[in-house]
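Participant: Read off the chains here:
There are 2 protein chains.
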Amino acid sequence: MAAMSNPPDGTQHRRSGRRPGRSSTRETILAAARRQFAQHGYDRASLRAIAGDAGVDQKLIAHFFGSKQKLFVAAIGLPLNPAEMLPAVLAGERGQLGRRLAQLLFSVLDDPAFHQRLTGVVRAAAAEPEVARMMREFLTREVFAPTAEILGCDDALLRANLVGSQIVGLVMARFVVELEPLASAPPQVVADAVASTLQRYLVEPLGLGEA
Amino acid sequence: MAAMSNPPDGTQHRRSGRRPGRSSTRETILAAARRQFAQHGYDRASLRAIAGDAGVDQKLIAHFFGSKQKLFVAAIGLPLNPAEMLPAVLAGERGQLGRRLAQLLFSVLDDPAFHQRLTGVVRAAAAEPEVARMMREFLTREVFAPTAEILGCDDALLRANLVGSQIVGLVMARFVVELEPLASAPPQVVADAVASTLQRYLVEPLGLGEA
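Those protein sequence lines, which keep their order, are chains U and P.
For the first sequence, the numbering used here gives the first residue as -2, with consecutive numbering after it.
For the second sequence, the numbering used here gives the first residue as -2, with consecutive numbering after it.
Quick caveat, the hints were computed from the structure, so don't treat them as lab data.
Hints are not guaranteed to be accurate.
No copy labels: a pair is met if it fits in one copy or bridges any two.
Below, in silico cross-link-like pairs of lysine to any residue (SDA-like), each with a Cα-Cα straight-line distance of 25 angstroms or less [said to hold, decoys possible]:
hint, residue 1, residue 2
1, LYS67, GLU175
2, LYS67, GLN185
3, LYS56, ARG197
4, LYS67, GLU90
5, LYS56, ASP151
6, LYS67, GLU177
7, LYS67, GLY206
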């Protein structure tokens, strides 16, 4: 565990004054992670292979990032970890699920730094098949499957996919294509407008076979 | 009108046997249109400037493509013209608007050639700001504004944007990121699942200010 002598939250240095060695080790791991996730997808990339690619001890990755899930979120540049948002959204009253998710989304999306990074990920997923694949595998394993387990119904994975479709569509419409007036609408207006959609996708009848 | 001596629907030649001169004039116009739309956007690009760029008479563009709207659809490679779909969707009973739109979308999306081209446009809009701009201007002028006029309510443009967000999100989720089970679900299942969402965005209360 000698590699852990530089704790990542050590605060002896100014914010911009990280020791170069530590910073570059972190960047080396992130670059190796991006290569391995792009080549093998989220499911099949292993911390062992990423450590080998980066030329570091696997324990150092756990030390810096905690888990494969968290390493992925850092490597891909996601501004938040959707897997970590789940408990706050899915706990509590089912009748307010869609509203809680919409509120949480648009409270964070209001931050320009946040939506710029999220937009970057959506752009990359649209343009590069290997990014689309790693996002699909990450979302399925870490977000949709746990959500479906909590929802507990037969079509829960489809429901989680539909929620994902509306969220990625909002990112495209509001931040990438910048449709007006949607792009300039206050976050609360957008949250209000989509809350019922998310609620319906998550827990209300989907109307399958009603045509 | 001498330039019109080769009618585009002349059928003397086999399907694959167009005279090279005609075919290349059409391609020259399309290439010029793509340049002009990318540089100036949909609103400010003019048929006159496109004709100048292509080195052809402006009447030839009208002859081949009919209108700026139709030229844009051909130049960008859209597999259908959403402006031409509007009357079929917006005419008829308001209570079935969302279902008619969902049915129409998923009847055409079931054609692989269709969704491959649509996916190409969505990818390009995500990756290239000038494609995003021309799509935004085209959709706003030719699809959202006419829809809003027919809907007639104050927030009609926002409603049209929300419909657009769900449709582009479905294209991303089903055809680009290929979330499962959404990507493999029969078109009718997806149409059923989103019909109520589209219906709500178009004509039902949006729930603004209900938080």
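Participant: Now, for every hint given, state plainly whether the structure supports it.
Facilitator: Tested hints:
no. : hint           : verdict
1   : LYS67 x GLU175 : between (30 angstroms within a copy, 23 angstroms between copies)
2   : LYS67 x GLN185 : neither (29 angstroms within a copy, 37 angstroms between copies)
3   : LYS56 x ARG197 : neither (43 angstroms within a copy, 51 angstroms between copies)
4   : LYS67 x GLU90  : neither (28 angstroms within a copy, 50 angstroms between copies)
5   : LYS56 x ASP151 : neither (39 angstroms within a copy, 58 angstroms between copies)
6   : LYS67 x GLU177 : between (35 angstroms within a copy, 23 angstroms between copies)
7   : LYS67 x GLY206 : neither (40 angstroms within a copy, 36 angstroms between copies)
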